[in-house]
Every structure is written in structure tokens, then in C-alpha cells.
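All chains should be modelled from the sequences, with the hints used to inform the complete structure.
As they're listed, the protein sequences go chains A and B.
Numbered according to the working numbering, the first sequence spans residues 1 to 177.
Numbered according to the working numbering, the second sequence spans residues 1 to 52.
Some hints could be false.
Here are the simulated lysine-lysine pairs, BS3-like style, with alpha carbons at most 27 Å apart [unchecked claim]: (1) B:Lys-49 to A:Lys-68; (2) A:Lys-89 to A:Lys-160; (3) A:Lys-118 to B:Lys-5; (4) A:Lys-111 to B:Lys-31; (5) A:Lys-70 to B:Lys-40; (6) A:Lys-153 to A:Lys-118; (7) A:Lys-131 to A:Lys-153; (8) A:Lys-70 to A:Lys-160; (9) B:Lys-44 to A:Lys-68; (10) B:Lys-5 to A:Lys-153; (11) B:Lys-31 to A:Lys-68; (12) A:Lys-131 to B:Lys-40; (13) A:Lys-68 to B:Lys-5; (14) A:Lys-70 to B:Lys-44; (15) A:Lys-160 to B:Lys-44; (16) B:Lys-44 to B:Lys-26; (17) A:Lys-153 to A:Lys-89; (18) A:Lys-9 to B:Lys-40.
Hints were generated in silico from the structure; no laboratory data involved.
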Amino acid sequence: MNCFYSYLKEENDDDSFFYTFPTNQNLLFTVYFKSYDYQDKLENYPNLLQNGYAFGFMPIDIIPNVRKRKDSLVFPTIYEIMQDFISEKGNETTLLYHCDTLDKKHSYRDKLFNNWEKLIENSNLVRHSLKVQLGVDENNHLEYVYLGFITSKNNPFIDKIREEFDAFQIDLISQKQ
Amino acid sequence: MAVKKIVISPNNTSAMAFFDDLNRKKAEMYKKIEENAVVKTASKVLEKKTNK
Chain A
1 MNCFYSYLKE ENDDDSFFYT FPTNQNLLFT VYFKSYDYQD KLENYPNLLQ NGYAFGFMPI
61 DIIPNVRKRK DSLVFPTIYE IMQDFISEKG NETTLLYHCD TLDKKHSYRD KLFNNWEKLI
121 ENSNLVRHSL KVQLGVDENN HLEYVYLGFI TSKNNPFIDK IREEFDAFQI DLISQKQ
Chain B
1 MAVKKIVISP NNTSAMAFFD DLNRKKAEMY KKIEENAVVK TASKVLEKKT NK
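Written out as C-alpha cells, the structure is:
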């Protein structure tokens, strides 16, 4: 993956990082990494949390209402950004993602992630994903969210991280009284 | 074997609260990005370029 968009990187006081890049199709992407977002829930999962960052991205449409074509440079750019972040923070870094339900495009995003997984098969990253059915939306369609993590194949804690993610799934389905 | 899907019952209030909280945090992050000075400047520059 040699070709990608040029990007700009910012660091905030709260240990969050923002990478921004414009595309040829007038989208302005921001990729973010924010620490401690999951701390309250994952306090029992030190390997997931200790070096865990909430990871996500947001495109802003500069010229709305113009149909966008598939852009083959977006993934390589986000991939470069993930590599940049992990190389700075170390192989122990775990990127925790959540495809949200805010804009009803979470299913689309998971498909995007699945396509990307095929592309990163030969890279030094690994992804683990979970589909969660939450109920039905206002149109009586099943509503899903997607949770997962991405980390380096060279993460020394990879087995423990997988174990903790499995334990987290059990925690989710255990009804608290 | 790998877990492919989990289903949360509507009466699992702790799990529902967790997902609500995730959505809230993400909405806060999106707002922060929209208000970011670099994003605002870049949007203006790109808009001008496109309209030329």
C-alpha cells in the first residue's frame, strides 16, 4: 500500500490524537484515537485497557449532495495512520472500535471493515470483531452494533487480549441486578 | 469455535446502558471534530478551491 492521501496530525492535552486528510472527492476525514474511553467498563481487562485507545473516523462532506465514487485511497490512508499511531505508541497498543447507531450507517461501516480486513490480511495488523443484536429500530428492522479491536500481530499480549475480549462478551450478556 | 453474534435482551439494562454510553461518547467526539479549528479551516479552504 504505497499510495495514500497526505495527512496532518494533532495531539490534544487529554492524550487524544486527530489525523486529518482531504480526499479527491471533497471529503475531509478525521481519524481519532482517544485513551481511557472504555475504562469504566473495562477496568477488569487490563490488557485491553492499559494500552487501549478508542479508534474511529468521521468524514465531513465539503460539497454535500454530490454522489461520491468508491475511493481506493481512503483505506490505505487510514491504514498508514493506524501504522503511524501504533509505531509511536508501541506494539502493545490496542485500537478499540464501535460502529455506532447514530447515523444508521453502522452496518455499512462493518462491511467496510470486513472488506478492509481482506486487504490487511498480509499486513502486520489483526482485527477481532463482534456483532451485537440490540433489538429492533422504529421500522421494525433488527438493530446491530459492532464492537472490535485492531492491534499489531507483534503485540506481546495478543493472547491475553483475545481472552479478555471473550470474557467481556460474557460480561455483556450477564444481567446485573 | 468463535463467537459470531450476541443478542442483548431489552431487559439487560446494564448492557443497554453501556451501548447508550458508547453512543453518547461518540457523539461528543464527532462534535469535538466539527469544532476543531484545523477541520474548520480545512473545510473553508477546500470549499473555496472547489468553487473556483
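Results for each hint:
1. Restraint check: the Cα-Cα separation between Lys-49 (chain B) and Lys-68 (chain A) comes to about 18 Å, which is no more than 27 Å; the hinted pair holds.
2. Only pairs whose Cα atoms come within 27 Å are accepted, and Lys-89 (chain A) paired with Lys-160 (chain A) is accepted, the gap being roughly 19 Å.
3. Under the criterion of a C-alpha separation no larger than 27 Å, the hint pairing Lys-118 (chain A) with Lys-5 (chain B) is consistent with the structure, at around 20 Å.
4. Taking the CA atoms of Lys-111 (chain A) and Lys-31 (chain B), the gap is about 25 Å. The hint holds against a cut of 27 Å.
5. Proximity of Lys-70 (chain A) to Lys-40 (chain B) is assessed by CA-CA distance (about 25 Å); at most 27 Å being required, the pair is judged to hold.
6. Under the criterion of a C-alpha separation no larger than 27 Å, the hint pairing Lys-153 (chain A) with Lys-118 (chain A) is consistent with the structure, at around 15 Å.
7. Between the alpha carbons of Lys-131 (chain A) and Lys-153 (chain A) the distance comes to roughly 22 Å, so the proposed pair stays at or under 27 Å and holds.
8. Straight-line distance between C-alpha atoms of Lys-70 (chain A) and Lys-160 (chain A) comes to about 37 Å, which puts the hinted pair past the 27 Å bound.
9. Annotation: proposed proximity of Lys-44 (chain B) to Lys-68 (chain A) holds, straight-line Cα distance about 20 Å (limit 27 Å).
10. Annotation: proposed proximity of Lys-5 (chain B) to Lys-153 (chain A) holds, straight-line Cα distance about 24 Å (limit 27 Å).
11. This hinted pair checks out: Lys-31 (chain B) and Lys-68 (chain A) have alpha carbons roughly 23 Å apart, not beyond 27 Å.
12. Straight-line distance between C-alpha atoms of Lys-131 (chain A) and Lys-40 (chain B) comes to about 34 Å, which puts the hinted pair past the 27 Å bound.
13. With a CA separation close to 32 Å, the supplied pair Lys-68 (chain A) and Lys-5 (chain B) exceeds the 27 Å bound.
14. A distance of roughly 24 Å separates the Cα atoms of Lys-70 (chain A) and Lys-44 (chain B); the hinted pair therefore holds under the 27 Å criterion.
15. Taking the CA atoms of Lys-160 (chain A) and Lys-44 (chain B), the gap is near 46 Å; set against the 27 Å cutoff, the hint is violated.
16. Note on Lys-44 (chain B) and Lys-26 (chain B): the hinted pairing holds, with a Cα-Cα distance of about 24 Å set against a maximum of 27 Å.
17. Straight-line distance between C-alpha atoms of Lys-153 (chain A) and Lys-89 (chain A) comes to about 15 Å, which keeps the hinted pair within the 27 Å bound.
18. At roughly 15 Å between alpha-carbon atoms, Lys-9 (chain A) and Lys-40 (chain B) fall within 27 Å of each other, so this suggested pair holds.
Going down the numbered hints, you'll see the structure goes against 8, 12, 13 and 15, while the others check out.
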